[in-house]
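Enquirer: Numbering (our numbering), first residue to last: 1 to 149.
Please keep in mind that the hints were generated in silico from the structure rather than gathered at the bench.
Incorrect hints may have been included.
[As the list claims (entries may be wrong)] Keeping only pairs whose Cα atoms sit at most 20 Å apart, straight-line, the calculated PhoX-like set for lysine-lysine is:
#1 K5 x K70
#2 K70 x K142
#3 K5 x K66
#4 K59 x K70
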Amino acid sequence: MKKGKILPPTYFYIFLLLAIGLHFILPIKKFIKTPYNYIGILLISTGTWLNIWADRLFKNKHTTVKPSEKSSFLIEEGPFVFSRNPMYLGMVIILFGLAVLLGSIMPFIMPFAFYILISITFIPQEENALEETFGQSFVEYKKRVRRWL
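Start from the sequences, fold in the hints, and give me the full structure.
Expert: Structure follows, in structure tokens:
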């Protein structure tokens, strides 16, 4: 991926703001009522925890978290045991949790739109770079671990 492009966290924050904006601008129908909408807090916490856990592994292994930079270590532990993209998964969970917390229909568009954007725009390029860098090790890892969950 080329430098200067918008990175996934920026898209995540844009989608987060869009979800909130859509809830207030186009409040079509609130279908998750209090107290059930508080499940969203649990989802937001889970997604945040997943991102922090994965980020710490990147730091502990002294490799980059930025998709535009070359990785120096293939992480296969922690959340990377059940997802090849736990940080993206965490972001989707946060967006979904926010939609549940807000409880209206429109914010539910954002986790799905973010999932599609990341799946098409970032993950294929990242996986190609990892396969180029780590070769057969990454191919074997891809066979063992699903892309999302």
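Enquirer: State for each hint whether it applies.
Expert: Results of checking the hints against the structure:
no. : hint       : in the structure
1   : K5 x K70   : holds, 15 Å
2   : K70 x K142 : holds, 18 Å
3   : K5 x K66   : holds, 11 Å
4   : K59 x K70  : holds, 14 Å
Checked against the numbered hints above, the structure violates none of them.
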